[in-house]
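Novice: Those protein sequence lines, which keep their order, are chains A, B and C.
So for the first sequence, my numbering puts the first residue at 156; every next one is plus one.
So for the second sequence, my numbering puts the first residue at 63; every next one is plus one.
So for the third sequence, my numbering puts the first residue at -3; every next one is plus one.
Read the hints as simulated data drawn from the structure, not as lab findings.
There may be inaccurate statements among the hints.
To be verified - Sample of chain C residues facing chain A (criterion: CB under 7 Å; computed from the structure):
#1 Y(-1)
#2 F3
#3 V67
#4 A183
#5 F184
#6 L195
From the three backbone atoms N, C-alpha and C, an ideal C-beta is built for every residue, glycine too.
Here is what each chain is made of, one letter per residue.
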Amino acid sequence: MDFTLWDIVRNLLTGLQWTLALSLVAFIGGGVIGLIVMTLRISETSAFRTLARCYIELFQGTPLLMQLFLVFFGVALMGVDISPWVAALLALTLFTSAYLAEIWRGCVESISNGQWEASASLALTPFEQLRYVILPQALRIAVAPTVGFSVQVVKGTAVTSIIGFTELTKTGGMLANATFQPFMVYGFVALGYFLLCYPLSLSARYLERRLHASA
Amino acid sequence: MPLLRISALHKYYGDHHVLKGIDLSVEEGQVVAIIGRSGSGKSTLLRTLNGLESINDGVIEVDGEYLDAARADLRSLRQKVGMVFQQFNLFPHLTVGENVMLAPQVVKKVSRAEATKLAKEMLERVGLGEKFDAFPDRLSGGQQQRVAIARALAMSPKVLLCDEITSALDPELVNEVLSVVRALAKDGMTLIMVTHEMRFAREVGDKLVFMHQGKVHEVGDPRELMANPKTPELANFIGSVEQV
Amino acid sequence: MAYQFDFIPVLQNADLLLRGALFTLELTAIGTLLGVSVGIVGAIVRAWKIQPFSALFGVYVELIRNTPFLVQLFFIFFGLPSLGLQISEWQAAVLAMVINLGAYSTEIIRAGVQAIPRGQLEASAALAMTRLETFRYVVLVPALGKVWPALSSQIIIVMLGSAVCSQIATEELSFAANFIQSRNFRAFETYIITTLIYLFMALMIRQLLGWIGRRYIARNS
């Protein structure tokens, strides 16, 4: 069977959509869980802090590929049939949450202690201090590194091709085998990722500069 | 019955014994000035009264609130004890008005309209009514500190703690803050202030507390104590600050 | 019925895992030495704006940092031979790691170089040192010291990322794991053990780099 250039591009675009969908959902899910992990990480209860630290250490200290395998085979062990899409989503969400928790912790800790004390002295509970005083300030600092990290999430989705999720890289692999034109196909695949990631990298850098200019 | 009573208060940082059995009582409407060298424990003492520092032994009672090493209802204690800091600590992401409105809205569940009205009143009181919509970083240090006072007053505290509130200010801005404090004292506000402003303490204070090595070394009427210190440590201290 | 965990069939293959882990460490060591070297050259070229190399390095850095390592690996391993350039699995793995780390470390080290105060350069110039001598003796080590934690993290990321090299049959740790689980059908147990080995290696490398940093790079900190 012969592939025209358009056939290749069309199939890759379909794969690209899945890459984009996986990135978006994992990023949002990871953000929600990451916020919880970050809250535990800075909690006054040392057991929570230790737990959150181990969680972060575990996901930052092991390959994403292994995390994917463990989710994929681990869920299957529980007798639940799991599709590559769900496994990919679950693993990537957890992976993202650990990194975001750590990034955001840095932002929160950069807020001066006086802000905690002033809000405490006004009878706000620790949670209210975080909610009304610390987070709004930390958020401003966090935007640039968070956008920057989204690039890592998009790139991380490529690894899910290994457990058989048909996103951009997997589609590329199948096309490369079918067309015998790996150089061109993988070139296109790389271009696809670049088109997704480069604007994110640029915005992260722009946001970073704007923050420093205003500070 | 005193408004605030501290009994046998002890505080350690690890092995370091910072407060070594403090006894002190403050009547309603009194202005108490706490003086002493750095490291004497005066700031730590002030911060325990608001629960910013935990205590290891002893009791603090404020208007029926009871705090010791084991239990502390910080939420209700802090509604009765306001605090103003050396570094102002205004919330930079909120306008001046929002800084004052935040705690009444969040803690006391006051409606937005009421909180706005309250904030305007409080800002008028410190002479900054027109700065309601400004952000803190547009204000001078003296103005920021006055907003911080308004922010604390909006919670209608029984006692206001002032932790060296003029120490971070340029000399020409000190007076605008002190005159706000003077007006508060005249209105009958109970004030406990750690300060280096000896003249102000003598003028406005009802009680002077000299802290030395974690203890209340001398306590009494400010004019009396400054004129006739009973201990060489206080005499020494007065000599060293008045030369400045 | 609840699943019965059985780690024995995995541990029976400890020798394979060990060999795989050692190979991962070898790849990482070579990749780090060459990759950081590329980064140092890139940092000079970028910081001094030596054209046209500075522009070329700029494009290289952006291309690599905005595409996945796995795609870079496939491009090298499957793409280059179609241009008539034969390359073995481990060579492709090392090449991909060097190219990847080279791009990241160019940016990291450049930030360190640019954080060196002007006075240092002026003082060196006043001592009649050339630009290159100044870089070698005055700028390089303090610059590395400033960014050592970031560089260390990146090296660990590259080590962990090398797990995907099993996809081109480089016989590193995850390849060993795939091989073992395909024979004993104990996928979960196999990957648990393997994951723990990776975690252990990551912690060890961090310790090692921390020690190198304190001993040789940022001695004053």
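Novice: Each hint: holds or not?
Specialist: Do the hints match the structure? See the list:
1. Y(-1): Y(-1) of chain C check passes; min Cβ-Cβ to chain A is 5 Å, inside 7 Å.
2. F3: At 14 Å from the nearest chain A Cβ, F3 of chain C fails the 7 Å test, so the hint is violated.
3. V67: 5 Å, holds
4. A183: Since chain A brings a Cβ to about 4 Å from A183 of chain C, closer than 7 Å, the hint holds.
5. F184: Hint holds; F184 of chain C Cβ to chain A Cβ min 4 Å, cut 7 Å.
6. L195: The hint holds - L195 of chain C has a Cβ within 7 Å of chain A, the shortest such distance being about 5 Å.
The structure fails to meet hint 2 from the earlier list, while all remaining hints are met.
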